[in-house]
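Participant: Protein sequence lines, in the order shown, are assigned to chains A and B.
One rule links them: number in my numbering = place in the first sequence (from 1) + 103.
One rule links them: number in my numbering = place in the second sequence (from 1) + 103.
Please note: incorrect hints may appear among the correct ones.
Unchecked claim - No more than 25 Å apart at the CA atoms, straight line, and that leaves these computed lysine-lysine pairs for DSS-like:
#1 B:226 x A:226
#2 B:224 x A:224
#3 B:132 x A:245
#4 B:141 x A:224
#5 B:149 x A:245
#6 B:225 x A:225
#7 B:245 x A:245
#8 A:224 x B:225
#9 B:113 x A:245
What the hints contain is simulated information worked out from the structure, not anything from laboratory work.
Nothing here was measured: the structure is a model prediction, and the numbers come from that model.
Below are the chains, spelled out letter by letter.
Protein chains: 2
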Amino acid sequence: MSTQPTSSVKALVFDTFGTVVDWRSSIAKEIGDLAKRKGFTVDGDKFADAWRGGYGPSMNRVRTGELPWTRLDDLHRVILDKILVDFRITGLTDAETDALNRAWHRLRPWPDAVGGLTRLKKKFTIAPLSNGNIALMTAMAKHSGLPWDCILGAELVRRYKPDREVYLSAADFLDLEPGEVMMVAAHVGDLRAAKALGLKTAFVVRPNEFGPAGKPDLKADASIADLSAKDFNDLAAQMGA
Amino acid sequence: MSTQPTSSVKALVFDTFGTVVDWRSSIAKEIGDLAKRKGFTVDGDKFADAWRGGYGPSMNRVRTGELPWTRLDDLHRVILDKILVDFRITGLTDAETDALNRAWHRLRPWPDAVGGLTRLKKKFTIAPLSNGNIALMTAMAKHSGLPWDCILGAELVRRYKPDREVYLSAADFLDLEPGEVMMVAAHVGDLRAAKALGLKTAFVVRPNEFGPAGKPDLKADASIADLSAKDFNDLAAQMGA
């Protein structure tokens, strides 16, 4: 009998925005590039923060039942239409706005992400467990070379994290016990919800997720995280992969 | 404007048992290897045919509502328990029977499958659209190196092909129109169902699926298949990949 709390783990599932990919600098670059092409000016970092800032409230409208199930791509578009007004960006065609909305399909991984996932995949099943919809996550994986074994997440149960159904669906679809699945996230709230349902948990610190003035989670205590890692290579090493 | 009927295609989804993997020789080998280890005799080909023979009737019990939603792994186990009796195979522990049931997780691809899929993946999104459950399809992909972009299929909508929900779910999850998705199969019935719902269709002939005495579909006329290919490399070539 091993005393390692993580020795039962057969699959690792990953929060994606912020944990696997750097949404802030990716979105800032996309809007910056569009601004150059179209001849407007914009503070890309502020634009990224505003767009991401609409994410939690939008999902909560779905989680509380105010909105029916709505995919994240569609929530992103509603938020985008609003912030384009707030930032006084005009003159985009619908096709240009749609292409901008798909910036979330092209988010760039943190430098250690692809290498760490590739190591982990040799020993474990790996999948995203994101609030991003399947089309978004599939496109992102193709764009950035994320070597997932399958795509899991919110859309498959039409619930958004931290609703319990999302976490439990990962074990169910993989035909594993919750304790055989490890949730990996840079966000304590995500891990807390997973832990309460019996999943194993790994905290990976992403100090730059919110930029220089941001306030990321910098650690997770042992009641929340079975393991803490400084990046995905460290995670792979600690998991023996 | 292209006149190619397949020029709209952005994703290819694949029937798997028989189309991507050679279930018959794989299952025959698994039961043959087990027989050697355990000291019993069995006609592996007949055993494989009997196991696969239970597949359609089992799924139809789910499709008609006689059984609630039941995953293919669990249907396979019910059939297995019956044919072990029919073949007078005794003395397997529950763990050994469970390991044998997972032979379907280890089916070997046809020789052209991995190479053809790898080519197609560069130009298209590729995913299985199988009656196999997610855990089964994920394990098979890991075991055999099938380079899927995501895992789609029956379990995500709790319906079995040829129920329409399965085909339409592929377009829905990928955020595509049905006509942007091509169903690839060695079975005319599968293609007919997909075609009727507006999907594009490709027939790939698998003359050895059912063994030397089998009666596979050898061709699909133009009312059913937009394209016919002799293997996955031919499919990739015809799709410009």
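Participant: Take a quick look at whether residue 224 of chain B and residue 224 of chain A sit within 25 Å of each other, Cα to Cα.
Facilitator: This hinted pair holds, its Cα atoms lying about 19 Å apart.
Participant: Are residue 225 of chain B and residue 225 of chain A close enough, with their CA atoms no more than 25 Å apart?
Facilitator: holds (22 Å)
Participant: Given the proposed pairing of residue 113 of chain B with residue 245 of chain A, does the C-alpha separation stay at or below 25 Å?
Facilitator: holds (13 Å)
Participant: Is residue 141 of chain B within 25 Å of residue 224 of chain A, Cα to Cα?
Facilitator: violated (33 Å)
Participant: Given the proposed pairing of residue 149 of chain B with residue 245 of chain A, does the C-alpha separation stay at or below 25 Å?
Facilitator: violated (41 Å)
Participant: Given the hint that residue 132 of chain B pairs with residue 245 of chain A, does the C-alpha gap stay at or below 25 Å?
Facilitator: Violated: residue 132 of chain B and residue 245 of chain A sit about 35 Å apart, past 25 Å.
Participant: Would the hint linking residue 245 of chain B and residue 245 of chain A be met if the CA-CA limit is 25 Å?
Facilitator: Since the Cα atoms of residue 245 of chain B and residue 245 of chain A sit roughly 17 Å apart, the hinted pair holds (cutoff 25 Å).
Participant: Please verify whether residue 226 of chain B and residue 226 of chain A have alpha carbons no more than 25 Å apart.
Facilitator: Answer violated: residue 226 of chain B to residue 226 of chain A is near 29 Å, above 25 Å.
Participant: Does the alpha-carbon distance linking residue 224 of chain A and residue 225 of chain B stay inside the 25 Å limit?
Facilitator: This hinted pair holds, its Cα atoms lying about 21 Å apart.
The earlier numbered hints that this structure contradicts are 1, 3, 4, 5.
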